[in-house]
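Turn these sequences into a full structure, and let the hints guide you.
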Amino acid sequence: MTDLIKGVEKASRAIKIEVSTIEQETLARELDDFLQWLEPMLELNTNQAEQVLFSHGAVNVLREDCPRQSNLAELQEAAPNFAGGFYLVPPIIE
Amino acid sequence: MELRKNSVRQAAEAVCNGEPTAHDLIEITLKNCSVINEGLNIFNHIAGIDAIEQAKAVDRRIENGEQLPLAGLPVVIKDDICYGVLPTGFGSSAFKDFISPHTATAVERVMDAGAIVVGKTNLDDMGMGSTTRSSPNGPTINPWVPGYTAGSAGAAAIAAGIGMFALESDSGGSLRQGASHCGVIGLRPTMGSVSRFGLNAFSSSFGQVGITAFSSENIISVLKIIAGYDPRDSATSVCTDRLDEQNSTPALKDIKIGYPVELIDYLEPSMRVIVEKTRDEYIAQGLKFENVELSLFREALQAYYVIAAAEASSNQARFDGIRFGKTGEADNLEELYHKNRSSTLGREARRRSIFGTFLLSKGNYDLYYRQALKVWSMVRQEFANAFKRCDMILLPAVKKLPASLNGDKGFLDDWSEDLFCAPVSMSGLPSLTLPAGQIEQFPVGIQLVGSPFSEELLTQVGSRVVR
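Protein chains in written order, with the numbering used here: chain A, -4 to 89; chain B, 1241 to 1707.
Because the hints were derived from the structure by calculation, they are not lab data. These numbers were taken from a predicted model, which means no experiment stands behind them. Be aware that one or more of the hints could be misleading.
[Stated by the list, open to error] From the derived model, a few chain B residues whose C-beta atoms are all more than 12 Å from chain A:
id: 1; residue: Glu1242
id: 2; residue: Lys1245
id: 3; residue: Asp1494
id: 4; residue: Arg1519
id: 5; residue: Glu1574
id: 6; residue: Lys1628
[Claimed, not checked] Restricting the straight-line Cα-Cα distance to at most 25 Å, the calculated cross-link-like pairs of lysine-lysine (BS3-like) are:
id: 7; chain 1: B; residue 1: Lys1496; chain 2: A; residue 2: Lys11
id: 8; chain 1: A; residue 1: Lys5; chain 2: B; residue 2: Lys1528
id: 9; chain 1: B; residue 1: Lys1602; chain 2: A; residue 2: Lys11
id: 10; chain 1: B; residue 1: Lys1649; chain 2: B; residue 2: Lys1628
id: 11; chain 1: B; residue 1: Lys1528; chain 2: B; residue 2: Lys1517
id: 12; chain 1: B; residue 1: Lys1245; chain 2: B; residue 2: Lys1464
id: 13; chain 1: B; residue 1: Lys1628; chain 2: B; residue 2: Lys1493
id: 14; chain 1: B; residue 1: Lys1271; chain 2: B; residue 2: Lys1296
id: 15; chain 1: B; residue 1: Lys1639; chain 2: B; residue 2: Lys1517
id: 16; chain 1: A; residue 1: Lys5; chain 2: B; residue 2: Lys1639
id: 17; chain 1: B; residue 1: Lys1517; chain 2: B; residue 2: Lys1496
id: 18; chain 1: B; residue 1: Lys1639; chain 2: B; residue 2: Lys1579
id: 19; chain 1: B; residue 1: Lys1528; chain 2: B; residue 2: Lys1628
id: 20; chain 1: B; residue 1: Lys1496; chain 2: B; residue 2: Lys1528
id: 21; chain 1: B; residue 1: Lys1640; chain 2: B; residue 2: Lys1517
id: 22; chain 1: A; residue 1: Lys11; chain 2: B; residue 2: Lys1628
id: 23; chain 1: B; residue 1: Lys1639; chain 2: B; residue 2: Lys1602
id: 24; chain 1: A; residue 1: Lys1; chain 2: B; residue 2: Lys1579
id: 25; chain 1: B; residue 1: Lys1528; chain 2: B; residue 2: Lys1493
id: 26; chain 1: B; residue 1: Lys1639; chain 2: B; residue 2: Lys1649
id: 27; chain 1: B; residue 1: Lys1296; chain 2: A; residue 2: Lys11
id: 28; chain 1: B; residue 1: Lys1296; chain 2: A; residue 2: Lys1
id: 29; chain 1: B; residue 1: Lys1496; chain 2: B; residue 2: Lys1336
id: 30; chain 1: B; residue 1: Lys1517; chain 2: B; residue 2: Lys1493
Ideal placement from N, C-alpha and C gives every residue a C-beta, glycine not left out.
Structure (structure tokens):
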């Protein structure tokens, strides 16, 4: 369980979500249950199977590269803090 | 005009003839929305004045001689599908008042055809779930059985007679299970047939826009309007006009339905009786059945949750509160990210994001994620083999009756409810959920799964046994 608590702690740090010690323990228990639930899938013999990356077997399709009108101003308006052409965030240099 | 008594075509024709006008129809619909919402908690937002303005615009288009196949018809939209006028909440309290700069392609297309958005419907935390119990606004109540969940709020709206149709997302089966629990019809279309532009899909591989309505005829009418290539979703490029190719429907006696007998034996007896009765009715109408093998559903469900969680962990990186959404105060950027993301993602979204990140981490990637991708290919192959012997497959839509509003069964029990839907999502095939019977007062549906772009055939066969 200690390893799973560490795993939860590392994962939450990587994706920048605050997790309290109590929540960490709960999530680690749930993760343990989840990993046990996955066991039948792990036991399946997949030696002959290829990996799939999309449900209908499509390959990456490129469209013609042509300019389109964008609504940049509307996108910027959606930002909670935007001014002078910049998204405002706290200083990143001490 | 009572919406459920008319087809889309009849209702649109009536509006085009001014009987009633779009304005009158929408005014009445909005009143009904407010009244019904008080009891069922269907809507996150009701359109109000915006819908009235849309209706007036549609009436002007009709006066100008436009032929609108969805003239004035009210549509409800799940709140993870963007509409640039009403707030789009994604099932997160942080986006309660967020107005998206985009409108989803499917929404644009129905509006171009004259439909009017009357509201945005409730959903689970970031669209993750098939009960609405993890919604920050509380669960949507089943219109047939108060005290139980509706599964999907769009299905509840249609069952309550509010909208002519609903546009909803479906990843692991929320649209289909909602249709089953509410006694209406739901279509998850072929992957690639409907653009996902403007849909907040937590899982890019499985998220899809579908339709819920009161009749198969209405489903296909709307599908023909929303389906087709969209340059803003390159996955639609495989779909040109293949839906129209299905117009030459074979005679019913020539249709063979696949029956996964071992999978159906796995059902609880009362559920199994409903599937067996449906099969018997089809046989009585001259359709043939063929036993097919679908033996990987349990492992497919597990693979689905590995892949969906992994994709959720990546897709949710966009919710940082800097480019859109709600932001807080912080002394440094790292703290800002943590604060914003922690207030945006609810319990279910946090669980899946953390699990997904764990599964993708060094040492776990090959064991879990790569294995899940291989199981995915085996599931697709199993469906392909089954379709060599039949034209469509009969499946249950749900494992159990809807969840109680108060009960907390645990997350794995909730996830297990997707047993009959998630593997179909992995196949990319179209699936139509139809009312098939009742257990006590609960409606129960079945799924008909077809070959790619066979939606028209599915609705024609499906309509033979709808109750």
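Which numbered hints does this structure break?
Going through the list in order, the structure violates hints 5, 7, 8, 10, 16, 18, 22, 23, 27, 28 and 29 and respects the others.
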